[in-house]
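Visitor: Each chain, letter by letter, is given below.
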Amino acid sequence: MRVFVVDDHDLFRAGVKAELADRFEVVGEASDTDAAVELIREREPDVVLLDVHLPGGGGRKVVEEVKRTHPDVVFLAISASDAPEDVVSVVHAGARGYVTKTISTSDLADAIERVAEGDAVFSPRLAGFVLDAFSSLPVGEVDPELDALSTREREVLRYIARGYTYREIAEALYISPKTVESHVSSVLRKLQLSNRHELTRWAHQRRLVD
Amino acid sequence: MSGTEVVVGEVVVGTVVGGAGGEAVQAAVTNATTAATTIRGWEVRCTGWSVPAGSVGPTEVPIERAPDQPRRRSSVFDRLVDRDDLEVAFRRIALGARLVGLAWMAVLTALALASAGLARPVHGWALVAAAVAWGSVSVIGARRRLDFVTSRGSVAVDVALAGYALFAPSLAGSPDQLFYGGYPLIVVAVAAVRSRRAVMSTAAVLSGVSLARLGIRSLAGTVEAASQVITYTVGAFIFWWVLEVLRRSERERQEALEAVAEARAQAARAEERSEMAAHLHDSVLQTLALIQRSAADTDQVASLARAQERELRRWLFEGDGEGRDGLVEALRAVADEVEDRYRVRVEVVTVGDAEASPRVGALVAAAREAIVNAARHSGEREVAVFAEVADDRMVVYVRDRGRGFDPTAVPADRRGVSDSIVARIERVGGRATVSSSPGTGTEVQLEVSR
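Top line first, the protein sequences correspond to chains U and V.
For the first sequence, position 166 (counting from the first letter as 1) is numbered 765 according to my numbering, and the numbering increases by one without interruption.
For the second sequence, position 9 (counting from the first letter as 1) is numbered 11 according to my numbering, and the numbering increases by one without interruption.
Here chain V stands alone, though its shape is the one from the complex:
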């Protein structure tokens, strides 16, 4: 595809097809820059750029990526504020806040119990016990599943306990002492993590409880109740507001990350295409040129085509061939070598594979002798190689449909090669069998244990 390729930094962000002018390029760059700047660590700046309308050809956009900030060593604090997942962080914070609120309330109640001014201390003890119990249950529940912290049940327990804490001074016979501290407000905050509905109903219930307890007693009580209602309601709104802003910015950050990942994937695809074009140019096109020049020599043409086929097949299906030096790879290499040298076709079929070892080495060397024999003496142009690796043994068959020979009347020179095959295999404790008869071809069977 011809057109203007837009590159931001190292990332290709799009290709504007020829004809489209500078405006389209400008738009693509603006999008990519916005996406990149939204992301932490991807602070970029554009250092001056313009595209003349109607331009065609690669457009380099000089945007520099700011260097990464040096990372601080991670402390406990860092781990607490790590925001891999915003919702996980929120729930951890909610759990911490709840524990602080419960402790706060327990200490205040304990102080009231210690001053011994309570007519009915049982309510004080009950509140301390409930605070300790609920704190422990919260920690255990959160360890199992973090969602427990802001589950519907947990929020309900919080509201019930806060309501009881608001009433406890009156029940204990000392209405002027306050036991609850910051706990009710913290309960509102925890509910805000759960949902908007949860935070609104929590604020409403706690406001109602405050009014019921204080509102009707006196003017001072009414003022105090009103101030509590305002605290809970406004608190609910602010908590929800802050969380919502954080959540939205996290969503946008994720979207920007995805956009950049997509841009990178596009760049990778483009690179793959150009790599493929380069490879085809260096290999297939060159071979085709050679074939045109030597069209009269059919052997040469067949051999060129075969070598090219092999090369292309390997490139397509095996990558760069790294880390594959087992039996299959070695047999293929031998087959390629013989094909090139003797202008025959060697078809290799394999089942299973075995890693390189002295036995595999001996097997391959013997197979090579057999393939060379078939290529040189059979008079046929095709050699079939089949290798099978089972749990306990490896077998290689080398077969041709050539003229064959009588194994009992082998001329001396052929005997030598046969011996070298047999000797190699027997040295590693294996077995080599040559079966052949005039007119039906030859098959060499090589077998070694693994």
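So here's chain U without its partners, still in its complex pose:
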């Protein structure tokens, strides 16, 4: 599988490349927004490991620009900061998942494989953000298709926030891992399609407290 790494920290890029070299072909790297967009279009990787914070417009801009010409490239967001507005904005732009930089190498490799297969990857923290964001939206005037989570989706997100893997969630809920994945993908879709300003506003309000 072909992986591209975007991060403005040289040390981090070098470390990730070395760690992933066993399982993936790292086809390129970039340290700012413009270079990333150009090289990703040229190399057409399967998965881009994308830092949320980048000079020149941030991870969000990379996703938006690349998606316009190459909609099939899959993005996995990674960040050290966890500021909800940043995380939510990159996911909203089209990233298939979000992990923190403290993730272990094998978990990172698993996450890359899962997003490549079309699954959504949520860290416990992202699950917490999403629960918080959707629960604090005003109850009236919501489009249930896009703006509200189903009971089952909430349940799954709660398990992720509690630190459960998809397999563990499947066992706890007596459903198949595939079903868990489809619930998470559905949450991701809602997160990406919901154009509600409340989401952004929520993220913004949270910025100073998390």
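None of these hints come from the bench; they were simulated from the model.
Every residue gets a Cβ at the ideal spot worked out from N, C-alpha and C, and that includes glycine.
Careful, some of the hints might be misleading.
Said to hold, decoys possible - To give an idea of the chain U side of the interface with chain V (calculated C-beta under 10 Å), a few residues:
{"id": "1", "residue": "Ala679"}
{"id": "2", "residue": "Phe728"}
{"id": "3", "residue": "Ala760"}
{"id": "4", "residue": "Ser784"}
What the hints assert, rightly or not - In silico EDC-like cross-links for lysine to aspartate or glutamate, where the CA-CA straight-line distance does not exceed 16 Å:
{"id": "5", "chain 1": "U", "residue 1": "Lys666", "chain 2": "U", "residue 2": "Asp645"}
{"id": "6", "chain 1": "U", "residue 1": "Lys660", "chain 2": "U", "residue 2": "Asp631"}
{"id": "7", "chain 1": "U", "residue 1": "Lys700", "chain 2": "V", "residue 2": "Glu349"}
{"id": "8", "chain 1": "U", "residue 1": "Lys700", "chain 2": "V", "residue 2": "Glu226"}
{"id": "9", "chain 1": "U", "residue 1": "Lys660", "chain 2": "U", "residue 2": "Glu618"}
{"id": "10", "chain 1": "U", "residue 1": "Lys700", "chain 2": "U", "residue 2": "Asp607"}
We have chain U; now place chain V onto it with these hints.
Guide: Below, chain V alone, put in the same frame as chain U:
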């Protein structure tokens, strides 16, 4: 950035990058001083200063700010002349002037009516009635919207009424009596507040009316008409002139205020930068030094890095942490403490928050026991904590993927801790569940109502 920082009083007004000489600094200081002196209350004086050409390093410019004048207590008069907004003040003045002019005219007309020398008194009565009516409408309109005072319609009514007042003596059959007093001139002044075009056309119309009424009758009439034309025209020019000077000086005052606000914002940014540099020096750089010295001890390095990450994250995203002593903050503090003591990683995820209360206290204390248990007995290095606050209840989950145990065959020492968790929660009417089995890890679920 290295260079010469220019400080005026307490305000940093700019940084002149190294290499630029005294002239650039001089220019920056001159600009700032000019801006500062233009502003009322910011009277400053420079007490002697020079910068040698090519100097680098902070340049302190000894400018003293004059002490604020003691404020008088605000009286009705003060409120009338308060110039928060010049245009608002102008319109208030215009309304006052119009009312004075109308009253003046009404009194003169009433006196003429009382002396009973009018052949057709109906015009006198009509003028008094119109003055009273227009005065009332003006006051009511201004209360709704102050702009009404100088609206196009209002100026038109003023001109029409003044024109009628000029003709009224003739119409009433007593051309030598004057009813209008200062009203027409006041009408010119009010129009001047509206615009230059309004004041010019008002003066032109009133001049025309005066000429039509007086100009053709006699030589004396012509002289009087000419003097009225001059009064209106010159008056129009002077009113417009004074207003324009005031408006321009107000514009400049606003610009100077903005310049000073910008200088202050720059100073604040500079201060923020230096505060950040100081903080990084005291925290991150010290930690990095420690890490270099203890590079062989991986546990120690991980723990130092984790503690530093926590500290930096808090500093970046939470300010100084004031006023946050609710559930989330307390859980984080507990997690930090356990991380430091047991060298494990405690990941805290929260949804919602609750303010400090006895129930929150019990919940946090029980969660702490559970986290400590996981750290001490699970054999794993990671503990996941998830807290969710709903409208009616609070739930905390503490989970590890460690060795687990059989809850039905707990050794006595473990039982004690379990009991202390359960007892704490039940004392506040909540519920604690411990689920664990050998090999799959342990999860403690704590739930209390809010």
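Visitor: Run the structure past the numbered hints and jot down the numbers of the failing ones, going up.
Guide: 4, 8, 9
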